[in-house]
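Colleague: Taking the hints into account, I'd like the entire structure generated from these sequences.
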Amino acid sequence: MSFNTSISGLNAAQKDLNVTGNNIANAKSTGFKKSRAEFGDIYAVSAFGNSKTAVGQGVINQAVSQQFTQGNLDFTDRSLDLAISGEGFFAFQPSLDSAESVFSRAGALTVDKDGYLVNQAGEFLKALPTDADGNSQSTSLATADPVRLPAEAGEPRATTEADQLFNLPAGADGLDPSNFQWDDPNTYTQANSQRVFDSLGNPHTLTSYFVKEEPVDASGDPITDPDDYDQAVNKNTWRVFYQFDDQEPVTNIYPGSVPSQDYQRLQFDGNGGLVVKNGAGDPAAPTSNIDAVVDGSGNPITAPALTLANPGTGADDLTLTMDINDSSTQYSSEFNIGDQGQDGYTTGQLTGVSVGSDGLIRASYSNGQNVALGKVALVDFRNPQALKQVGDNQWIETVDSGEPLAGEAGSGTFGAIQGGALEASNVDLTQELVNLITAQRNFQANSRAIEANKTLSDTIIGIR
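Residues 1 to 464 in my numbering are what the sequence shown lists, from first letter to last.
If you are wondering where the hints come from, they were derived from the structure by calculation, not from laboratory data.
Label pairs and their calculated CB-CB ranges:
id, residue 1, residue 2, range
1, F335, V275, 11 to 21 Å
2, Q70, G338, 41 to 51 Å
3, S219, G171, 19 to 29 Å
In silico BS3-like pairs for lysine-lysine, Cα to Cα no more than 30 Å straight-line:
id, residue 1, residue 2
4, K388, K15
5, K113, K28
6, K28, K15
We put the CB at the ideal spot given by N, CA and C, even for glycine.
Modeller: Set out below in structure tokens:
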């Protein structure tokens, strides 16, 4: 029996050497988790045995347990390299028509020829569905699907709203607005252009022409003497005319108006602030929800509708509203556009992909749009040590591991996702080399035990 005892020790030492060697071999494998050989002694069980004199019969390998401790994060600055800082696994789908999932801590992703996010084995990253704003719609793994990057940012969107924030020069000379001609710079004070888009995504230039009204009295006659400016009924008043591309200025910006070269009318107070009028035509305190614009009759309007008929590209007529920000001013400084914007865009080409710490995948496009594609699905298990290793630093579930529990990064017990980084192996080479020496000595010691048993056997045979 002593031979068998020593042989079991040799087998155990060999198992320990194999496990340690595998750990060392995978010290640079992304997302690799080291293992540990665990052993137990062997005793013969007998109902009438004497426990005081019982001798063990060797050692048995009870398990090779995986150690799911956190590995260091190696930063790569590559947006498609993902690491989990904390608990959880990435979920991958072996093929598009597969109902199975494999799980891994290795997040080195690429984009395949069809635009899907895949790992180094060509398996498809699974993501939870989100709405357009990136809010999760489900945390069930059954609803997670492979992530595909659209080559384009969908259909173009025609501009429906535009806005401007500016300062108009208080010291500008007044002009007669009735003389305005868009092609004569002497008939307007300042101009500003911004780009808008039609229904096919074609760009157009919308130009705003600012004309400071010359002061007039109650009879509508110009006031030429500066000493009489206080009598003006249109102090600090401007008109804004609009033009698309090189066409004639916009007409009919107010519903029901007679076809004419129409305009917006802006009035400023003595402090340079824009005067906002209420429904009765009286001055009111500006609020962010009131468009600081009044029409030619002094009545408040929400925003003028500007229409570009027959854009010439086969697109629908372009109709949009122009909002003047109520923080616009008239100071003595130069004309300045503080901000401007519009809500249209053309078709965009994919320029990049980013993943946030919450796992939200966003695709960026050349038209300035960012599209939410889903949230990286993270899963965990009640007993991760019971997961079955299948190679490529991947695992599959087993009966003992329990079913995968899916969720979002950063929620519950799930860790955060670090973009531009990979999780290194959690192998400690110093410790593994110590284990290697220990296992080697155990092997040598058991070999010596077998040699001693052989010597004793030879001696006994010689006595006979």
